[in-house]
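Participant: Sequence:
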Amino acid sequence: MGDRPSEAPAVVDALLDGLSTTVDLRRHWKAPEGLIALFCEEHERGAALTSGILLHARMIRTPPRSR
Numbered sequence: 003m004g005d006r007p008s009e010a011p012a013v014v015d016a017l018l019d020g021l022s023t024t025v026d027l028r029r030h031w032k033a034p035e036g037l038i039a040l041f042c043e044e045h046e047r048g049a050a051l052t053s054g055i056l057l058h059a060r061m062i063r064t065p066p067r068s069r
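FYI, my numbering numbers position 39 of the sequence shown as 41, with every residue one higher than the one before it.
These aren't lab readings, by the way, just hints derived from the structure by calculation. Using N, Cα and C, we set each Cβ at its ideal position, and we do this for glycine too. Any given hint could be a false lead.
Derived EDC-like pairs: lysine to aspartate or glutamate, alpha-carbon spacing no greater than 20 Å straight-line [stated by the list, open to error]:
(1) K32 <-> E9
(2) K32 <-> E43
(3) K32 <-> E46
Computed spacing ranges between beta-carbons, pair by pair [stated by the list, open to error]:
(4) T24 <-> E44: 14 to 22 Å
(5) G20 <-> I55: 15 to 23 Å
(6) R28 <-> G48: 30 to 38 Å
(7) H45 <-> L18: 13 to 21 Å
(8) I62 <-> R29: 15 to 23 Å
Please build the complete structure, drawing on both the sequences and the hints.
Facilitator: Quick look at the structure:
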């Protein structure tokens with residue numbers, strides 16, 4: 003995967019819809035905010051991100067960041 007924080011979440015989002023999907027990483031910026039936030043968090047080594055966790059994160063909208 004690439005170095006943009008939204009690329010891995012874009013792949014996971016597409017795969018949650020169907021394992022045979024083709025991912026267009028030119029549209030990675032449209033990845034769900036909750037998945038991006040989940041992938042930007044630090045997790046313990048070996049922590050399982052189950053489908054339930056991923057589906058829940060996909061539905062969450064993150065609050066706007068204060069500047």
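Participant: Would you mind marking each hint as holding or not holding in the structure?
Facilitator: Each hint, compared with the structure:
Note on K32 and E9: the hinted pairing holds, with a Cα-Cα distance of about 9 Å set against a maximum of 20 Å. With a CA separation close to 19 Å, the supplied pair K32 and E43 stays within the 20 Å bound. This hinted pair does not check out: K32 and E46 have alpha carbons roughly 27 Å apart, beyond 20 Å. Against the hinted window of 14 to 22 Å, the Cβ-Cβ separation of T24 and E44 comes to about 30 Å, which falls outside the hint.
At roughly 19 Å, the beta carbons of G20 and I55 sit within the given window of 15 to 23 Å. Look at R28 against G48: about 32 Å separates their beta carbons, and that is inside 30 to 38 Å. Taking the beta carbon of each, H45 and L18 are about 18 Å apart, inside 13 to 21 Å as hinted. The hint said 15 to 23 Å for the Cβ distance between I62 and R29, and at roughly 20 Å that hint holds.
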